[in-house]
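Note that the protein sequences, when read in sequence, are chains A, B and C. The C-terminal residue of the first sequence carries number 97 in the working numbering, and the numbering is unbroken. The C-terminal residue of the second sequence carries number 216 in the working numbering, and the numbering is unbroken. The C-terminal residue of the third sequence carries number 339 in the working numbering, and the numbering is unbroken.
A hint or two may mislead.
As the list claims (entries may be wrong) - Only pairs whose alpha carbons sit at most 16 angstroms apart, straight line, appear in this in silico EDC-like list of lysine to aspartate or glutamate: (1) B:Lys99 x A:Asp86; (2) B:Lys99 x C:Asp334; (3) C:Lys280 x C:Glu241; (4) C:Lys280 x C:Glu244; (5) B:Lys119 x A:Asp86; (6) B:Lys127 x A:Asp26; (7) A:Lys53 x A:Asp80; (8) C:Lys224 x C:Glu295; (9) B:Lys180 x C:Glu241; (10) B:Lys180 x C:Glu311; (11) B:Lys146 x B:Asp186; (12) B:Lys119 x A:Asp80; (13) C:Lys284 x B:Asp186; (14) B:Lys127 x A:Asp86; (15) B:Lys127 x A:Glu74; (16) C:Lys270 x C:Glu241; (17) B:Lys127 x A:Glu90; (18) C:Lys296 x C:Glu325; (19) C:Lys284 x C:Asp322; (20) B:Lys99 x A:Asp26; (21) C:Lys224 x B:Asp209; (22) C:Lys224 x C:Asp263; (23) C:Lys284 x C:Asp313; (24) B:Lys119 x A:Asp82; (25) C:Lys223 x B:Asp186; (26) C:Lys223 x C:Glu332; (27) C:Lys224 x B:Asp186; (28) A:Lys53 x A:Glu74.
Simulated from the structure, these hints should not be mistaken for lab results. As the structure is a prediction and not an experimental result, all values here were calculated from the model.
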Amino acid sequence: MLHTINKSPFSSDSFDTCIRFIQPGDPVLFIENGVYSVQQGNRFSETLAGVMKTNPVYALRPDLEARGIAKIIEGVSTVDYDGFVDLVAEHQVNSWL
Amino acid sequence: MKIGILLKEGPYNHQAADTAYKFAEAAIRKGHTVDAVFLYNDGVTNVTKMMDPPQDDRNIAVRWDQLHKEHGVEILACIAASKRRGICDEVLIEGGEITGLGTLTDIAIRNDRLLTFGD
Amino acid sequence: MENENVKKIMHVMRHAPHGTIYSYEGLEMILIMAAYEQDLSVVFIGDGIYSLKKNQDTAGIGIKGFAKTFMALDGYDVEKLYVDRVSLEERGLSENDLVVDVEVLDSAEIGALMNEQDVIIHH
């Protein structure tokens, strides 16, 4: 199951809520304002590092670029919309709005 | 892969309509089928032809219309949600259609994926 | 259209009622889908739980209440109603505060259910 998160972790509990339910191995993809989650050195970095021990984490590159986020947590993969499509082709989707 | 999309937010106010479009575009480019975009909640306001943004901005309604005309993607607005928000045949883009939630159920059943975009 | 195969469709209620329309229109969607004989479930997580709160009186805000409509789900054969235990407890609520009988599940149980689904729609 692919989980997408589109909210800043500072303004919504989508991030905190989603990670309670993800199963080991489930990929997590941050899109839209969700990409603020993967910026280095923020309040959620430690939690995200914990998630990354068991789950692959992706962020949508055009959304990172649009928000001027260059320094992202090591180990987070970036994908474009084509990569988003590939993830969807591999997994059912749970969009955490 | 056959994909259905559920879009739950109106245009411009939220990025959902843009992400949904970019995703659909990429999926089609990669050879997948995008069966339908079903509009719900304020998402129904994506398909009013009264939309007239500044010249240098994207016209989201026109974009959906083209997606229908060029790639056969059904652009469907929920009738109950549309009635609440004043979306009717008189203001609907040519490539759009107003339909019931039963159609969304069919879309969920007949596609490999149903993706949601919204707030 | 013929329903050749039964799909597992989960609705996740995440919004409080009245403040936004998501919960109400989500319920409308569930009621329609219920007629299609799919394997439906509804999970209440976070503020979504407030939609089930007893004693809601919306007369003063001029918006139609719909908590009672959740009681009708049973009649539509939507019997899989789950509530997230963490969300319930952190709101100081218990099952007795809710208008319908629900099954209260731990995060791991809900996570496992989610992984079985063909379609998940958040409201």
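Hints, verified against the model:
The suggested pairing of lysine 99 of chain B with aspartate 86 of chain A holds, with an alpha-carbon distance near 13 angstroms, which does not exceed 16 angstroms. Of the pairs offered as hints, the one joining lysine 99 of chain B and aspartate 334 of chain C holds, with about 13 angstroms between alpha carbons and a cut-off of 16 angstroms not exceeded. At roughly 12 angstroms between alpha-carbon atoms, lysine 280 of chain C and glutamate 241 of chain C fall within 16 angstroms of each other, so this suggested pair holds. Among the hinted pairs, lysine 280 of chain C with glutamate 244 of chain C is consistent with the structure: their alpha-carbon atoms are about 13 angstroms apart, no more than 16 angstroms.
For the hint linking lysine 119 of chain B to aspartate 86 of chain A, the alpha-carbon distance of about 14 angstroms falls within 16 angstroms, and the restraint holds. Between lysine 127 of chain B and aspartate 26 of chain A the alpha-carbon distance is near 23 angstroms, which puts this suggested pair outside the 16 angstroms criterion. Under the criterion of a C-alpha separation no larger than 16 angstroms, the hint pairing lysine 53 of chain A with aspartate 80 of chain A is inconsistent with the structure, at around 23 angstroms. Between the alpha carbons of lysine 224 of chain C and glutamate 295 of chain C the distance comes to roughly 13 angstroms, so the proposed pair stays at or under 16 angstroms and holds.
With a C-alpha separation of about 13 angstroms, the suggested pair lysine 180 of chain B and glutamate 241 of chain C falls inside the 16 angstroms cut-off, and the hint holds. Distance restraint check for lysine 180 of chain B and glutamate 311 of chain C: the Cα-Cα separation of roughly 36 angstroms exceeds the 16 angstroms cut-off, and the hinted pair is therefore not satisfied. Distance check on the hinted pair: lysine 146 of chain B and aspartate 186 of chain B sit about 10 angstroms apart at the alpha-carbon level, within 16 angstroms; holds. For a cut-off of 16 angstroms, the pair hint linking lysine 119 of chain B to aspartate 80 of chain A stands: about 10 angstroms separates their Cα positions.
For the hint linking lysine 284 of chain C to aspartate 186 of chain B, the alpha-carbon distance of about 33 angstroms lies beyond 16 angstroms, and the restraint is violated. For the hint linking lysine 127 of chain B to aspartate 86 of chain A, the alpha-carbon distance of about 9 angstroms falls within 16 angstroms, and the restraint holds. Taken as a hint, the lysine 127 of chain B and glutamate 74 of chain A pair is broken in the structure, with Cα atoms around 29 angstroms apart against an allowance of 16 angstroms. Among the hinted pairs, lysine 270 of chain C with glutamate 241 of chain C is inconsistent with the structure: their alpha-carbon atoms are about 19 angstroms apart, more than 16 angstroms.
With a CA separation close to 14 angstroms, the supplied pair lysine 127 of chain B and glutamate 90 of chain A stays within the 16 angstroms bound. The straight-line distance between the Cα atoms of lysine 296 of chain C and glutamate 325 of chain C is roughly 13 angstroms, inside the 16 angstroms bound, and the hint therefore holds. About 25 angstroms separates the Cα atoms of lysine 284 of chain C and aspartate 322 of chain C, which puts this hinted pair outside 16 angstroms; it is violated. At roughly 21 angstroms between alpha-carbon atoms, lysine 99 of chain B and aspartate 26 of chain A are farther apart than 16 angstroms, so this suggested pair is violated.
Among the hinted pairs, lysine 224 of chain C with aspartate 209 of chain B is consistent with the structure: their alpha-carbon atoms are about 12 angstroms apart, no more than 16 angstroms. Of the pairs offered as hints, the one joining lysine 224 of chain C and aspartate 263 of chain C is violated, with about 24 angstroms between alpha carbons and a cut-off of 16 angstroms exceeded. Proposed proximity of lysine 284 of chain C and aspartate 313 of chain C is supported: the alpha carbons are some 13 angstroms apart, at most 16 angstroms. At most 16 angstroms may separate the alpha-carbon atoms for a hinted pair to count; lysine 119 of chain B and aspartate 82 of chain A meet this at roughly 9 angstroms.
Between lysine 223 of chain C and aspartate 186 of chain B the CA atoms are separated by roughly 32 angstroms; this puts the pair beyond 16 angstroms, and the hint is violated. Among the hinted pairs, lysine 223 of chain C with glutamate 332 of chain C is consistent with the structure: their alpha-carbon atoms are about 10 angstroms apart, no more than 16 angstroms. For the suggested pair lysine 224 of chain C and aspartate 186 of chain B, the alpha carbons sit about 33 angstroms apart, so the restraint of at most 16 angstroms is broken. For the proposed pair lysine 53 of chain A and glutamate 74 of chain A, the alpha carbon gap of about 12 angstroms is at most 16 angstroms, so the pair holds.
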